[in-house]
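In order, the protein sequences belong to chains A and B. According to this note's numbering, numbering within the first sequence proceeds without interruption in unit steps and concludes at 886. According to this note's numbering, numbering within the second sequence proceeds without interruption in unit steps and concludes at 886.
Heads up, some of the hints might be wrong.
Each pair may be met inside one copy or between any two copies, as identical chains are not told apart.
[As the list claims (entries may be wrong)] Derived DSS-like pairs: lysine-lysine, alpha-carbon spacing no greater than 25 Å straight-line:
no.: 1; residue 1: K882; residue 2: K298
no.: 2; residue 1: K802; residue 2: K623
no.: 3; residue 1: K623; residue 2: K882
no.: 4; residue 1: K882; residue 2: K627
no.: 5; residue 1: K445; residue 2: K496
It is worth saying that the hints were derived from the structure and are not from the lab.
Below, each chain spelled out in residue letters.
2 protein chains.
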Amino acid sequence: MPNYKAPLRDMQFVYDELLASENINQLPGMEEFTPETIHAVLDEASKICEELLFPLNRTGDEEGCHFDQGEVTVPKGFYEAYQEYKEAGWPTLMASTEFGGQGFPHTFYMLFGEMLCSSNLSFAMYPELTYGACNAISRFGSDEIKQKFMPKMVAGEWSGTMCLTEPHCGTDLAQIRTYAENGSDGHYSITGSKIFISAGEHKLTENIVHLVLARAPDAPEGIKGISLFLVPKFKINDDGSVGDNNSVSCGSIEHKMGIKASSTCTMNFDGATGYLIGTLHKGMEAMFEMMNSARLGVGLQGVGLAEISYQNAVEYANERLQGRALTGAKFPDKAADPIIVHPDVRRMLLTMRAYTEGARAMGGWIATYHDKDLKSSGQEKIDAEEMVALMTPIIKAFFTDIGFEVTNIGMQVFGGHGFIRENGMEQYARDARITQIYEGTNGIQALDLVGRKLPRRMGRLLRHFFHPIQNYIDQKLEEPNLKTLASPLDKAFGRLQRATGFIAQQSMKNPDEAGAAASDYLRLFGLVSMGYIWLRMAEIATQQLADGEDPFYQAKLDTATFYMERLLPQNSTLFANIMSGSKTMMSFKASSF
Amino acid sequence: MPNYKAPLRDMQFVYDELLASENINQLPGMEEFTPETIHAVLDEASKICEELLFPLNRTGDEEGCHFDQGEVTVPKGFYEAYQEYKEAGWPTLMASTEFGGQGFPHTFYMLFGEMLCSSNLSFAMYPELTYGACNAISRFGSDEIKQKFMPKMVAGEWSGTMCLTEPHCGTDLAQIRTYAENGSDGHYSITGSKIFISAGEHKLTENIVHLVLARAPDAPEGIKGISLFLVPKFKINDDGSVGDNNSVSCGSIEHKMGIKASSTCTMNFDGATGYLIGTLHKGMEAMFEMMNSARLGVGLQGVGLAEISYQNAVEYANERLQGRALTGAKFPDKAADPIIVHPDVRRMLLTMRAYTEGARAMGGWIATYHDKDLKSSGQEKIDAEEMVALMTPIIKAFFTDIGFEVTNIGMQVFGGHGFIRENGMEQYARDARITQIYEGTNGIQALDLVGRKLPRRMGRLLRHFFHPIQNYIDQKLEEPNLKTLASPLDKAFGRLQRATGFIAQQSMKNPDEAGAAASDYLRLFGLVSMGYIWLRMAEIATQQLADGEDPFYQAKLDTATFYMERLLPQNSTLFANIMSGSKTMMSFKASSF
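Sequences are here, hints too, so could you generate the full structure?
Right, here's the structure in full:
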């Protein structure tokens, strides 16, 4: 059976040391979020994750959700765990203080959310979706709607969903058929079917608040005629209590490869009462608000799964006695050496470690911009928003690709035992697989990066990334201690810049060129960004080690070295792929595939 | 629901065109295996795969095997399908003619076996394991044993297993605890427990013949004291009929990530009657005989799963209407364009195709050496054996890594629908996952390559590969039509040669250097080998296209181009990884992981 211990030491390193210079707790309203407060809350959070949620992860996977006549039953223990989670106030952490929330920074959430995903991804999805829905409602909902729904949602009494996908359209929301009719009293009446609705139906909460994309009467065709509606499972009485059924029903749940304890529902709306959120026909704007924070959230699902897989792979590699070290027995008194003596096993473990710690740090770094976007003003706010916009598709796709790679390496460390369900390792890989797909497939993220984010404001977004990073690398190239690490990063960064120029130029002539390069480009961008954050971590470690030996900082420095030597070199292949262009793939006849 | 059509046209291309110059049917005893015969049999085989085995693949996965009080029940339909398969004579195809087999060449089996694995991997494992056991018995068994067991096994009346792994030892068989005692009448009495025994228990066949590694009395310690025993589930009466229980029992079956319709058993031997196979204490030799053919067999499991995933991804990409081409609508009369218009989707499909067709061709190529090893003599036989020995770990590890990559890309093409069990795509990925682990993990294959195969006979094995391939590339560099394809291959080949020299040199000083490079080196070797076979295919296609347009050959040439542009470039990253050495990973403290 797997184990989980929240990586508190590394989380503190990220928040206190790596990101100290970002001064998150000097932002307005963030004053109380000192490192001490953050530590105390992470410490409490680690207990609920390790002791309450983690023990339900394997059993939840085995049991899955069940559907019977419109009702969904979550696995044993989930209901009780949710009540405990709710009563302890965890759902309120991230919500704004206006409706009973505690307004914790996003930078904190990257760490807290990671713990939730490590310990039980399926469980984590129920509160995470509520949080996403709250964001959209608090930004785009009317005051009346907010007063009616937000306090209950913030408290976790009611939960939320995002209802976008229909059987014939996932990525292409222009094809949505769900429609709204004007109701009698200023409400709308919503009719249609949605699929793949996570947390669409369950009995964890008293009510479920669906945010539904639909076409209102006289809507323009296509994507410009989509509106967002709030449709509760149960109507709300005038006194705010939960009332009658609202013609919302669950038609079935999906049988999936993973995240089996998360209910994935077909939701049918049959003239259900709905409330407009935001501007009529401008639902996509509100949807993107939800989606963008959801995408960052999915990115950290990848980190969480990578972490739990890494921990257990290390434990197994230290315990499994098999064969002898290539250089001669290291533990001659034992029947065999633990497999951690083997370079190939160490290669696997360090790959897992370098990606996982790198992603944790990089996610935290980007989250500081998210906080600045929300809490600062003027140019700082604009710059921060642009940085988040640029990095969102990278965080989503790169982190989830890493999550899947790392969880598969974790299985591989276990050998045949990794394929056995009881040992838990294969569940992490199955759970990780969906993160590359939902909230926009990773291919769509790549198109978002090259098609929307690069050209936006004439490439201005990129400048937030390129200029400071170039400066930083240039400085470190001059420092003897860091030069060997900065040098390969400098080369990779040069390739990223050249690839960017190539795509910008080529895609003006032919948009397919951007499409052909997109996935490799996103990975290259992610690798270089992570290389930057590893260099920054190496700098801190080097400074600390100047004062004397310390295993934590030594491991940090060694992992940075491993990253530069063994993971960053992917950049040469990615660069070659990007530069090979679109011709071969586009000239291939569709009928010849 | 997925579909399957055996890729007969491409299989004919491999057998008749690509491998024609190998003259398989001029080997002694192979005269009848003309292309016509092979086509006819593949044609028949395709029917049984498409119509009998494929329809049981999804249901088999859902139902799985069940265990109750020592008895294993396979999924519905498997028993009937096996009887039909057996009665039609399919198990006899590959066995030697001496015991009722038909003696088909291995080159044929690479195609036939691929079909079996595409259509139903779990089912395919039952006859495949019997085939592996037959190989070992026919080579190492006494005449009496052969007469007693081979005819029934060849006919598929009895099946076979390999019983190697124990709970505390998989890779490290030196730790085996199962032991043999001298029985009263020249037999042995076998006692011990084995785990992960595929097809260990079921009722598809009248008897099950276990080949069991165990320690005989007075055995030397470690790997040099292991013997191989044949232990039938039921004893055999003097008249050859099946007799009493033989103290062999199944203790449980595993719950696994995939290949759920294949029973994976814990087998307990409690003083069971066993017969020595081969020389006492030299069981590893016989075991490697079984294992090597099993490793090639596992390699083609990767190809089979890649093929079925590719076919269904293409179909979906042609049918799924979503969004518009980046260059403007291609099907303005439809609600949206099929997703196959998108470069990123084509990149995915061509990656799947280039790997799958490349592996089919490369597997066929290596199988010709397997046939020469078995049927020729003198130097030709020695050379062929050495080529098979060199390439076996590459076929096993590279093809199964590809199988997992391709089946995951197939899921990705389906988007959210790929994660849903009913659509079948995720099963291929789950089934493919085990192929990277069993019959020696892919890390072990890499160590076999660098640790055993490279140094063997002072690097002589490599010369069978390096010399002819260098000559071929040199020639093609001179041909205007093929130069652009040969040139990147030449560069990659140069890196492979340099990496080989580096490993040979470094590992003399420090064996950990070989271990640190092993996995990347195996991949590099596989990539270059596949590049070579793609260049040969491109040559044939170019010749054929000189006579006029032909979509088949055009697609072949375009896929070769894609391979050189988009997959072969991995060589630069792999080379950099290899050259970075072992220092960072070996100096990392075990306690710091």
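For the identical chains here, do K623 and K882 meet the 25 Å Cα criterion within one copy, between copies, both, or neither?
-> between (58 Å within a copy, 13 Å between copies)
At 25 Å max between alpha carbons, let me know whether K802 reaches K623 within a copy, between copies, both or neither.
-> between (61 Å within a copy, 18 Å between copies)
What label fits K882 with K627 when the C-alpha limit is 25 Å: within, between, both, or neither?
-> between (61 Å within a copy, 20 Å between copies)
At most 25 Å between C-alpha atoms: does K882 with K298 qualify within a copy, between copies, both, or neither?
-> Cα proximity of K882 and K298: across copies only (20 Å, versus 52 Å in one copy).
Copy assignment of K445 with K496, given that the CA separation must stay at most 25 Å | within (15 Å within a copy, 58 Å between copies)
Violation of the numbered hints given earlier is absent; every hint is satisfied by the structure.
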